Amino acid sequence: MSARTQYSGRWLGVYVVAYLIFLYLPVLLIPLFSFNNSIQAAFPLQGFTLQWYATLFGNSALTGALLNSLVIGVIAATGATLCGITVSYMDLYGRSPLAATISAIARLPILIPGVIVGISLLILINLIGLGPSRIAIVLGHILVALPTTVVIMRSRFAAIPKTVREAALDLGASDWMTFRRVMLPLSLPAIVSAFMLAFLISFDEFIVVFFLAGTEPTLPLYIWSQLRFPKSLPTVMALGTSILAVSFVIAAAAEILRHRGLSATAPKSADPSQPKQTKRGELQWHST
Amino acid sequence: MSTLVATSAPEARSSQGFRFAMLLPGALVTFLLILFALGLVLFLAFRGNDGSLLGAGFTVANFVTVVSDPLYWTVTLRSLIIAALVTLATVVTAYPVAYYLAFHAGRRRGLLLFLVTLPFWTSYLLRVFAWKIVLAYNGVLNSALIESGIWSEPTLAFLNTPTAVVVTLAHAYAPFAILPIYVALDTIPKSLIEAASDLGARPFTSFRRVVLPNSMPGVLAAALVVFVPTVGDYVTPALVGGPASTMIGTLIQAQFGKANDWPFGAALSVAVMLVILCVVLVARFADRRFGSRT
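The listed protein sequences correspond, in order, to chains A and B. Position one of the first sequence corresponds to residue 1 (this note's numbering), numbered consecutively onward. Position one of the second sequence corresponds to residue 1 (this note's numbering), numbered consecutively onward.
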């Protein structure tokens with residue numbers, strides 16, 4: 001039996017490696033051809049060059065889009081993290097049907113295609129007189145990142161033993177004091193992680209921003225506008241490589257932070273009254 | 001206990017203030033940006049297009065067009081088939097990976113989980129763009145096939161086909177499917193599987209009768225998180241699909257762009273949400289029917 005499991009495990013291992021290659025290979029072609037001395041992304045490779053990266057500098061449209069994406073990303077991530085913290089905290093400890101409803105609706109955007117989120121916000125921002133603008137993009141990205149920040153913060157708050165919060169309240173700390181001095185510091189790694197991932201979501205988001213951008217495009221919109229011109233293909237690949245590198249670093253840091261923080265205060269024994277919690281704190285998108 | 005009851009009035013007030021402050025950001029975002037905005041779409045769907053923001057008059061003409069024009073049936077059906085194929089492909093290919101992670105990964109589990117979630121956080125546009133350069137006429141796949149002597153002529157057959165859309169979407173949403181299945185598999189008590197084998201079940205039987213039914217909630221959740229974004233996608237059809245793979249998202253986007261008929265675009269959106277609602281209800285039903293837990 002055990003030998004048999006070992007055997008099937010080995011074949012599964014081979015499959016997993018093949019799957020990972022499928023997952024990464026197409027994406028890694030972008031960096032590969034960004035260093036290729038040819039205007040086309042095709043074999044055979046024509047030799048190493050950095051000239052496509054050089055075209056990135058001194059491009060004012062690109063710099064503007066980058067700055068725009070950074071500013072929008074930071075503001076939207078701040079908003080989404082703030083909402084994620086408050087929504088999940090009240091969901092777990094607020095003991096009110098309103099808080100539970102808000103938390104449920106906050107995770108709803110997963111069940112709405114991006115194009116519909118985009119057009120619904122487009123109608124809304126026109127109605128309130130804002131029009132397509134940077135503020136509109138920020139609102140859209142708070143919405144897109146919200147399910148992620150809520151899920152991360154919720155699993156984090158749930159992992160803090162209930163007794164910690166109760167002890168603070170019993171010792172006379174007010175709700176606000178307990179939240180600020182006990183619960184927030186204990187969940188700091190998750191807060192930073194949620195912020196970073198929300199920033200990445202905003203920084204890379206295209207489907208919703210397409211409807212909400214005014215005259216100042218974000219980086220993905222800039223890339224989209226360049227895709228029409230075959231001549232700018234290598235520049236797009238150089239830019240794409242830079243974005244992928246930044247995304248990998250931020251996502252890696254966020255994931256490490258989230259897991260490290262979780263293992264530090266994970267409750268020792270399972271508490272049946274707590275929400276279902278997986279060993280490594282994997283994100284539970286759906287409570288089926 | 002009596003001291004708690006006797007808390008002074010200011011403290012109770014600060015508690016009220018705390019609750020209000022903590023509920024406010026979430027309430028604003030969920031009620032205004034989600035519920036009210038979706039309500040606007042529903043409202044607009046029943047209006048006539050007169051060029052103004054909220055349209056004019058009450059009408060069901062938009063829905064009559066959606067239902068009576070065969071174009072929309074064709075495109076909706078195509079979107080459903082593409083999304084269903086993508087969902088099937090991602091879930092079936094992800095299941096063994098999730099299974100390996102849950103039962104065989106051992107000490108490599110952390111690293112593997114990290115590797116499969118990393119693409120989740122990279123640009124969707126760039127992942128689709130990667131497939132454009134792979135499938136193009138003078139692209140990676142064609143040139144590699146010619147270079148290796150398998151083919152002599154580049155072919156147009158890769159890009160601008162519905163197959164290209166399915167492959168690209170399946171790749172772009174692959175990381176979405178693994179985690180829910182893994183979580184479901186990981187929470188199956190090991191004693192259950194041991195009991196099956198103690199009672200004489202062969203590994204395949206115990207997989208079919210114990211593991212698979214118990215992981216169905218995860219499979220259904222995975223199917224849902226892949227199906228919903230793919231059925232409304234407009235980026236992938238635009239980049240790698242060509243005119244033969246226009247999807248319903250493309251049509252919605254066009255109504256709010258070139259076609260400039262917002263009420264009709266809103267009606268199409270409502271139709272898509274109704275289709276998704278049906279799928280969710282079917283998934284819920286299937287979950288209750290086949291999910292042996294809960």
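Bear in mind the hints are in silico, worked out from the structure with no lab data behind them. Predicted model, so just to flag it, every value in this text is computed and none were measured. Misleading hints may appear alongside valid ones.
[Unchecked claim] Sample of chain B residues at the chain A side, in silico, Cβ under 10 Å: (1) G48; (2) G51; (3) V67; (4) P70; (5) Y100; (6) A259.
[To be verified] Sample of chain B residues lacking proximity to chain A, with all beta carbon distances greater than 10 Å (derived): (7) N49; (8) T76; (9) R78; (10) A84; (11) L115; (12) S123; (13) N142; (14) A157; (15) K190; (16) V225.
Glycine included, each C-beta is placed from N, C-alpha and C at the ideal position.
Structure-based check of all given hints:
no., hint, result
1, G48, "violated (15 Å)"
2, G51, "violated (13 Å)"
3, V67, "violated (19 Å)"
4, P70, "violated (22 Å)"
5, Y100, "holds (4 Å)"
6, A259, "violated (13 Å)"
7, N49, "holds (13 Å)"
8, T76, "holds (13 Å)"
9, R78, "holds (15 Å)"
10, A84, "holds (15 Å)"
11, L115, "violated (6 Å)"
12, S123, "violated (4 Å)"
13, N142, "violated (7 Å)"
14, A157, "holds (16 Å)"
15, K190, "holds (12 Å)"
16, V225, "violated (6 Å)"
This entry does not satisfy hints 1, 2, 3, 4, 6, 11, 12, 13, 16, going by the numbered hints stated previously.
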